[in-house]
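Single-letter residue listing:
Protein chains: 2
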Amino acid sequence: MAKNITPRHENFPQWYQDVIQAGELADHSPVKGCMVIRPDGYAIWESMQAWLDRRFKETGHVNAYFPLLIPESFLTKEAEHVEGFAPELAVVTHAGGKELEERLVIRPTSETIIGHAYAKWIKSYRDLPVLINQWANVVRWEMRTRMFLRTTEFLWQEGHTAHATYDEAQAETIKMLHVYKDFMENICAIPTIIGPKPDHEKFPGALATYTLETMMQDQKALQSATSHNLGQNFAKAFEIQFLNPENQLQHAWTTSWGLTTRMIGGVIMTHGDDDGLILPPRLAPVQVVIVPLWREENKEQVIAHANKIKAALGEVLDPLRVKLDLRENLRPADRFFTWIQKGVPLRIEVGPKDVEQNAGLAVRRDNREKMGINLDAMKTQVPQILEAIQQDLFAKALALREAHTHELDDYASFKDLMAKGGGFVMAHWDGTRETAMKIQEETKATIRCLPMEQPSLPGKCMVTGQPSARRVLFALSY
Amino acid sequence: MAKNITPRHENFPQWYQDVIQAGELADHSPVKGCMVIRPDGYAIWESMQAWLDRRFKETGHVNAYFPLLIPESFLTKEAEHVEGFAPELAVVTHAGGKELEERLVIRPTSETIIGHAYAKWIKSYRDLPVLINQWANVVRWEMRTRMFLRTTEFLWQEGHTAHATYDEAQAETIKMLHVYKDFMENICAIPTIIGPKPDHEKFPGALATYTLETMMQDQKALQSATSHNLGQNFAKAFEIQFLNPENQLQHAWTTSWGLTTRMIGGVIMTHGDDDGLILPPRLAPVQVVIVPLWREENKEQVIAHANKIKAALGEVLDPLRVKLDLRENLRPADRFFTWIQKGVPLRIEVGPKDVEQNAGLAVRRDNREKMGINLDAMKTQVPQILEAIQQDLFAKALALREAHTHELDDYASFKDLMAKGGGFVMAHWDGTRETAMKIQEETKATIRCLPMEQPSLPGKCMVTGQPSARRVLFALSY
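The listed protein sequences derive, respectively, from chains X and R.
All the letters of the first sequence, read from the start, carry residue numbers 0 to 477 under numbering that gives the first Met the number 0.
All the letters of the second sequence, read from the start, carry residue numbers 0 to 477 under numbering that gives the first Met the number 0.
Bear in mind the hints are in silico, worked out from the structure with no lab data behind them.
Computed from a predicted structure; not experimentally measured.
Be aware that one or more of the hints could be misleading.
Stated by the list, open to error - Going by beta-carbon spacing under 7 Å, a handful of chain R positions derived as facing chain X:
| hint | residue |
| --- | --- |
| 1 | Thr-58 |
| 2 | Val-61 |
| 3 | Leu-67 |
| 4 | Val-81 |
| 5 | Phe-84 |
| 6 | Pro-86 |
| 7 | Val-90 |
| 8 | Gly-96 |
To be verified - Each pair of labels, with its calculated beta carbon distance range:
| hint | chain 1 | residue 1 | chain 2 | residue 2 | range |
| --- | --- | --- | --- | --- | --- |
| 9 | R | Lys-322 | X | Met-451 | 33 to 41 Å |
| 10 | X | Ser-123 | R | Asn-366 | 29 to 37 Å |
| 11 | X | Lys-122 | R | Asn-306 | 28 to 36 Å |
| 12 | R | Asn-306 | X | Asn-297 | 54 to 62 Å |
| 13 | R | Lys-322 | X | Lys-122 | 51 to 59 Å |
| 14 | R | Ala-310 | X | Asp-52 | 20 to 28 Å |
| 15 | X | Pro-244 | R | Asn-297 | 26 to 34 Å |
| 16 | X | Ile-173 | R | Ala-310 | 30 to 38 Å |
| 17 | R | Asp-52 | X | Arg-326 | 38 to 46 Å |
| 18 | X | Ser-123 | R | Glu-401 | 46 to 54 Å |
| 19 | X | Asp-52 | R | Asn-306 | 19 to 27 Å |
| 20 | X | Gln-439 | R | Glu-314 | 35 to 43 Å |
| 21 | R | Lys-174 | X | Pro-244 | 56 to 64 Å |
Claimed, not checked - No farther apart than 20 Å at their CA atoms in a straight line, the calculated lysine to aspartate or glutamate pairs in the EDC-like style are these:
| hint | chain 1 | residue 1 | chain 2 | residue 2 |
| --- | --- | --- | --- | --- |
| 22 | R | Lys-97 | X | Glu-71 |
| 23 | R | Lys-322 | X | Asp-52 |
| 24 | R | Lys-119 | X | Asp-126 |
| 25 | R | Lys-322 | X | Asp-126 |
| 26 | X | Lys-122 | R | Asp-39 |
| 27 | R | Lys-31 | X | Asp-126 |
| 28 | X | Lys-31 | R | Glu-101 |
Idealized CB from N, CA, C, for every residue including glycine.
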């Protein structure tokens, strides 16, 4: 067990902080609630960006950049939007040595400033759809912050699209929800439950908010991305109008969708163990680390052999991301430990005997399984092992979620479960905000979403006994 | 001639604005001095980022992310630094509905907040060098702004490194200067003159600032990137200290270097013509646009042939970035015009005759040269034409600079030249700030740099007659 990491069963939040510290993923900053993302943490974000950016472009989107600073008056144009974001705004009042005539807020999200631009650019149905994404930083002044999961400043992408009809906007909203699901499950190896939020939990100004809910190892839910159908709310507030083929002036239908650096926290809390970070191979910035172990008399041969292995792994069809650890003056155990704590999925140890046998010893990060592999077999076997790790991590996370997901029909059991640490509960709810609030006050559990991919059978609300159209997902959450 | 673009000889600044508008590169924003970078402008930035990011990594750097907001007190820790940046700061005074105890500034540059982090991370000579880059937005409250060239908010990369010795920091400063030179000349096709700034023009807090100066078509200089040797100034202000191998506590030596979205303006003003933008092929997000010209009766065959050409160009060793224009309801001239104004280096027109002849008509954006090319020859000829465009654009820019570069020894001629619109002047200067200021007041010309790649021969100052170690570069500038 790692001495620098508190075990999960003792204190899960402390374990989380310790894993970040041990992996050198992030650091505190002198500004309350802001974090420094260190190179090994940022590399994970770059890996996320690369996959998402490619997929956004494959689905017809282009990138652009809109201003960081937004006139305060813009936010007030959409009533629900300003109500939702006003308490979290950071405000610039002075600039260039003078007090500003109009206060500027640092973007908490960009629907307003982008809506203003779209109103200028969109004139005719021929200008639609507009499919733009932005990679940016945003600021939301949060009371309680936690690295990656909730920080005052965070990095994200925000997609903003405009369409001619409700149907097209709705199709875009659902399409991007599924892009996120693909990313979460097949790259991050995190199972998701997707569906709309109940009305009282949706994005301020949205018609509907779709979410991806994931279970962390402490059985709490993490909302990992959202996709909003904004209806005509922002189009009306910012006068995004177009002439349709019949020459009639219409308001556009808009969407927005975002995924943030919070997901790095999701990966840590889904896959990490008591020794630290474990990265899924498809996401890992370094997939394989080769650690040659030499003495002075065989240094040259051992390093030459390690380089041969590195070269072989660079020759596979989809070249692997491989690092060679040539650090001196460190004991082998300390060298291994670095890569364990940084979550590298596979380590290949190479010593003098491996030179003789033309082989290396592969050690999986997730289950510590060791396998001697001949150099000639590495090109085929190492990608297979990485793929197995990817699948096993997903299966393990799914098994955990299934073991802690319950269908409950009586509220006493529900309260009992939430008091004992929670889990995912599929239960009937009468559809009112009042009942949801009562449950939240009494148990801290909230409705995470109305799961789309599960059968929708009617029943009776576990609290009020009123009719319920379907079970919804309850959980304690981040 | 394009009707939507003012000719260069009539009004160069208006031409510049018109080209940006016509190419849909950027738009004004409701916040004074801030711009919206539209998709076609942002794609140029993405192309710049891709090349630079790869090169930074090849030279051993990693990316990280530091907070946007900096405590105001941090800036005051380095005396010259605060003096230089204080007039340009945007200040957050309120957040989360309350007045802040300490005012926060939006980063104008990140030496201070990064220095604070490095002081925590660096303990021993074994921790050095630290080689980190950040892609970020910064805010400097400017009085007079111009799209891309000088905006209140801009995007950039800022490298920040820490070293054990002066020599290593100086070597890094010069190495990155040459990375920028490679980028400017070989990707952007813009000739550069590199060298240190005179002391009174260096970065606030730096020991030495190295710059790349380029000539725009109006003969003004554009400073395109800078690389700073910061000495121990920030290390002392933020206590970045390390134990050397002899166990003595030493201050580190730091550098910083940056390149901004300003370079998009540099590309526009170096290569554009009276019809709009011209992009160098290696930088261009779209290198070749294929425009099929069909009638209803041959639509299928013409488009099929255009697709064959597209496929062929995707098969070359370094696949080309190709777009197929399938827009309907637009006259051919209007379709061509779009791509001319967006600066796409090569257009390939495909009509029914080209289907018969298994060919296409390639038209260069820079010199309008037209060449019929057989489909079978496209794979070899199109990359060659693109390479020729790249070389020709550089050669043309270099010829312009050479035609407008003068060695002058008398101040009367110098004043005369600057009054007539300027040019680059290599002249002797006595090395004092006073003389430089006198020249600037009388002519608006400033010393751009002390060119490193030109012979350093002594002479006499053109103004005071005092001894001068070498000629320096004077110009009017952006």
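Hint check results:
no.: 1; hint: Thr-58; in the structure: 15 Å, violated
no.: 2; hint: Val-61; in the structure: 4 Å, holds
no.: 3; hint: Leu-67; in the structure: 5 Å, holds
no.: 4; hint: Val-81; in the structure: 13 Å, violated
no.: 5; hint: Phe-84; in the structure: 11 Å, violated
no.: 6; hint: Pro-86; in the structure: 6 Å, holds
no.: 7; hint: Val-90; in the structure: 4 Å, holds
no.: 8; hint: Gly-96; in the structure: 6 Å, holds
no.: 9; hint: Lys-322(R) / Met-451(X): 33 to 41 Å; in the structure: 36 Å, holds
no.: 10; hint: Ser-123(X) / Asn-366(R): 29 to 37 Å; in the structure: 35 Å, holds
no.: 11; hint: Lys-122(X) / Asn-306(R): 28 to 36 Å; in the structure: 31 Å, holds
no.: 12; hint: Asn-306(R) / Asn-297(X): 54 to 62 Å; in the structure: 58 Å, holds
no.: 13; hint: Lys-322(R) / Lys-122(X): 51 to 59 Å; in the structure: 23 Å, violated
no.: 14; hint: Ala-310(R) / Asp-52(X): 20 to 28 Å; in the structure: 24 Å, holds
no.: 15; hint: Pro-244(X) / Asn-297(R): 26 to 34 Å; in the structure: 27 Å, holds
no.: 16; hint: Ile-173(X) / Ala-310(R): 30 to 38 Å; in the structure: 32 Å, holds
no.: 17; hint: Asp-52(R) / Arg-326(X): 38 to 46 Å; in the structure: 26 Å, violated
no.: 18; hint: Ser-123(X) / Glu-401(R): 46 to 54 Å; in the structure: 48 Å, holds
no.: 19; hint: Asp-52(X) / Asn-306(R): 19 to 27 Å; in the structure: 26 Å, holds
no.: 20; hint: Gln-439(X) / Glu-314(R): 35 to 43 Å; in the structure: 59 Å, violated
no.: 21; hint: Lys-174(R) / Pro-244(X): 56 to 64 Å; in the structure: 58 Å, holds
no.: 22; hint: Lys-97(R) / Glu-71(X); in the structure: 16 Å, holds
no.: 23; hint: Lys-322(R) / Asp-52(X); in the structure: 19 Å, holds
no.: 24; hint: Lys-119(R) / Asp-126(X); in the structure: 52 Å, violated
no.: 25; hint: Lys-322(R) / Asp-126(X); in the structure: 19 Å, holds
no.: 26; hint: Lys-122(X) / Asp-39(R); in the structure: 19 Å, holds
no.: 27; hint: Lys-31(R) / Asp-126(X); in the structure: 27 Å, violated
no.: 28; hint: Lys-31(X) / Glu-101(R); in the structure: 11 Å, holds
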